[in-house]
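Engineer: Listed below, chain by chain, are the residues.
There are 2 protein chains.
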Amino acid sequence: MPIIKKVSGLDYEDFDVAFSPERIDPVNSNWKLKNTPKIVSGSNRRSLNRAKAFYGKFIDVIIECESIEEAETAKLLENSFRFVNISFINEISILCHKLGIDVNHVIKAASTKPYGFMPFYPGVGVGGHCIPVDPLYLSNTARRVGAPTRFIDLANQVNHEMPGYFVELAESVLGNLTSKKILVIGVSYKPNISDVRESPVVALISQLKQKGAVVSWHDDLVKELNGEKSVKLSSNFDLAILATPHEYLDLEMLGKVQILDTRGTT
Amino acid sequence: MPIIKKVSGLDYEDFDVAFSPERIDPVNSNWKLKNTPKIVSGSNRRSLNRAKAFYGKFIDVIIECESIEEAETAKLLENSFRFVNISFINEISILCHKLGIDVNHVIKAASTKPYGFMPFYPGVGVGGHCIPVDPLYLSNTARRVGAPTRFIDLANQVNHEMPGYFVELAESVLGNLTSKKILVIGVSYKPNISDVRESPVVALISQLKQKGAVVSWHDDLVKELNGEKSVKLSSNFDLAILATPHEYLDLEMLGKVQILDTRGTT
Numbered sequence: 358m359p360i361i362k363k364v365s366g367l368d369y370e371d372f373d374v375a376f377s378p379e380r381i382d383p384v385n386s387n388w389k390l391k392n393t394p395k396i397v398s399g400s401n402r403r404s405l406n407r408a409k410a411f412y413g414k415f416i417d418v419i420i421e422c423e424s425i426e427e428a429e430t431a432k433l434l435e436n437s438f439r440f441v442n443i444s445f446i447n448e449i450s451i452l453c454h455k456l457g458i459d460v461n462h463v464i465k466a467a468s469t470k471p472y473g474f475m476p477f478y479p480g481v482g483v484g485g486h487c488i489p490v491d492p493l494y495l496s497n498t499a500r501r502v503g504a505p506t507r508f509i510d511l512a513n514q515v516n517h518e519m520p521g522y523f524v525e526l527a528e529s530v531l532g533n534l535t536s537k538k539i540l541v542i543g544v545s546y547k548p549n550i551s552d553v554r555e556s557p558v559v560a561l562i563s564q565l566k567q568k569g570a571v572v573s574w575h576d577d578l579v580k581e582l583n584g585e586k587s588v589k590l591s592s593n594f595d596l597a598i599l600a601t602p603h604e605y606l607d608l609e610m611l612g613k614v615q616i617l618d619t620r621g622t623t
Numbered sequence: 358m359p360i361i362k363k364v365s366g367l368d369y370e371d372f373d374v375a376f377s378p379e380r381i382d383p384v385n386s387n388w389k390l391k392n393t394p395k396i397v398s399g400s401n402r403r404s405l406n407r408a409k410a411f412y413g414k415f416i417d418v419i420i421e422c423e424s425i426e427e428a429e430t431a432k433l434l435e436n437s438f439r440f441v442n443i444s445f446i447n448e449i450s451i452l453c454h455k456l457g458i459d460v461n462h463v464i465k466a467a468s469t470k471p472y473g474f475m476p477f478y479p480g481v482g483v484g485g486h487c488i489p490v491d492p493l494y495l496s497n498t499a500r501r502v503g504a505p506t507r508f509i510d511l512a513n514q515v516n517h518e519m520p521g522y523f524v525e526l527a528e529s530v531l532g533n534l535t536s537k538k539i540l541v542i543g544v545s546y547k548p549n550i551s552d553v554r555e556s557p558v559v560a561l562i563s564q565l566k567q568k569g570a571v572v573s574w575h576d577d578l579v580k581e582l583n584g585e586k587s588v589k590l591s592s593n594f595d596l597a598i599l600a601t602p603h604e605y606l607d608l609e610m611l612g613k614v615q616i617l618d619t620r621g622t623t
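Same order as they appear, the protein sequences are chains A and B. Following my numbering, the numbering of the first sequence begins with 358 at its first residue and continues without gaps. Following my numbering, the numbering of the second sequence begins with 358 at its first residue and continues without gaps.
One or more hints might be untrue.
Chain copies aren't distinguished; within one or between two, either way the pair holds.
Taking lysine-lysine and the DSBU-like style, the derived pairs with C-alpha atoms no more than 30 Å apart in a straight line are [claimed, not checked]:
#, residue 1, residue 2
1, Lys586, Lys455
2, Lys538, Lys465
3, Lys409, Lys547
4, Lys580, Lys537
5, Lys538, Lys389
6, Lys465, Lys409
Hint data in this document are derived by calculation from the structure and do not stem from the laboratory. Just so it is clear, the structure is predicted and the values come from calculations on it, not from any experiment.
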């Protein structure tokens, strides 16, 4: 808004700015653009009404926020909530592994509580263009005003540690990784999409290589990543790491290759 | 079980131990004992079946866990999830206050997201006999096995800091608290119950007193706490801190006393 004001020579009252945060969840078949309530806000009442009129044409429910700041903070809260909770369950998952307890059984049991609980699932980490990114804007502002969001900072820390944890698990299976042939399966940040932005699997591959492993990856949805191409599933590996379990995968093609399942879904 | 074995002289196979974690939420009118699914586990198949038969007499849905460890971890996950998320929203609340944004508006807006979000609400902290206590068992075990649950530890830290935050807010309203007359309203750990176990309001009162304030408290449900009695709501105070907003409260009896609302409910 200050830039528009400066460039145009207009006062703030003379132009309208609306803000409506995105709530798209790729591959969510229940909640699409149309039936997901849309938060809108404006620089003044007129902007807000114009935004409502616009989005009201193709979205069922419009939610007004009193200010642009409230609307943006709501979005950042939504994403930070997921970031914190996915990282939290990853930490619990590491603990359960050490204790010899199946974390997915634990989550399944806890999920039978009909109130006050929402399940999140462990994996190589949080990826995508929203969850591991947006909360850091809030965290940055928080540090600047002297009210640090330590939960977001910890989520970020745990998220960056997760690929290294799975490298350690690979070492616990194979010993020294030098020259070991490892196949990483699924490189997008979540199942059934091709999006590799901020995918933690990229860090997993890179860290396995740093340990001397000969790393290939398979993902029919992605096909190319950092100049490398997807390879076929086969039995020609010392270890397969199931990072992102796309539904199309047929793991029987791995034959007797041992699978390190980062999500415990197999 | 080792104690029973030792005292009785029996082998583990010769006696049955069942374990079923509690899921009671006081004042929850939707989810009572009967309609809240009950997790059961046993030291062997026979114990499990006996526990199922017992609880099945008066509870609608029985959920089997494969081991006592799984059942207990599920309970600890449920409680730790709440502990982490309430502490997280408390941190967000402090940030919003600094930014001049109404956190309750933000939570209300975020809650219109129909998936992937669950609202939690800020306050003086987490209390009661479960949420601030049970996660620390898990955290203690986690440290012992070298897989620290940093989210739980941070939740505990934030929880202990919250009363001090509201003391600072009181100071920002009144200046030096010495000899200031402060009324703390609601001392139980959540609204509409009399339970003061682990109530963060106890720490709030104690820390206000350390600053020299003359602190009284009002709570018709509690009436006596650490040898002190509930006082009536009146206009005879420099500041009222609404800590636990019971439904019965009539804040108009405070006249023109300024209210510091820890939950933003007024």
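Engineer: A separate judgement is required for each hint: does it hold in the structure or not?
Structural biologist: Each hint tested on the structure:
1. In this assembly of identical chains, the alpha carbons of Lys586 and Lys455 never lie at most 30 Å apart, being 35 Å within a copy and 49 Å across copies at closest.
2. For the homomeric pair Lys538 and Lys465, neither the shortest alpha-carbon distance inside one copy (34 Å) nor that between copies (51 Å) is at most 30 Å.
3. Taking identical chains as interchangeable, the C-alpha atoms of Lys409 and Lys547 are never at most 30 Å apart, the minima being 32 Å within one chain and 38 Å between chains.
4. For the identical chains of this complex, Lys580 and Lys537 are intra-copy neighbours only, at 23 Å inside a copy versus 69 Å across copies, given an alpha-carbon limit of 30 Å.
5. Taking the shortest Cα distances, Lys538 and Lys389 never come within 30 Å of each other, neither inside one copy (41 Å) nor across copies (54 Å).
6. For the homomeric pair Lys465 and Lys409, the shortest alpha-carbon distance between copies (18 Å) is at most 30 Å, but the shortest distance inside one copy (40 Å) is not.
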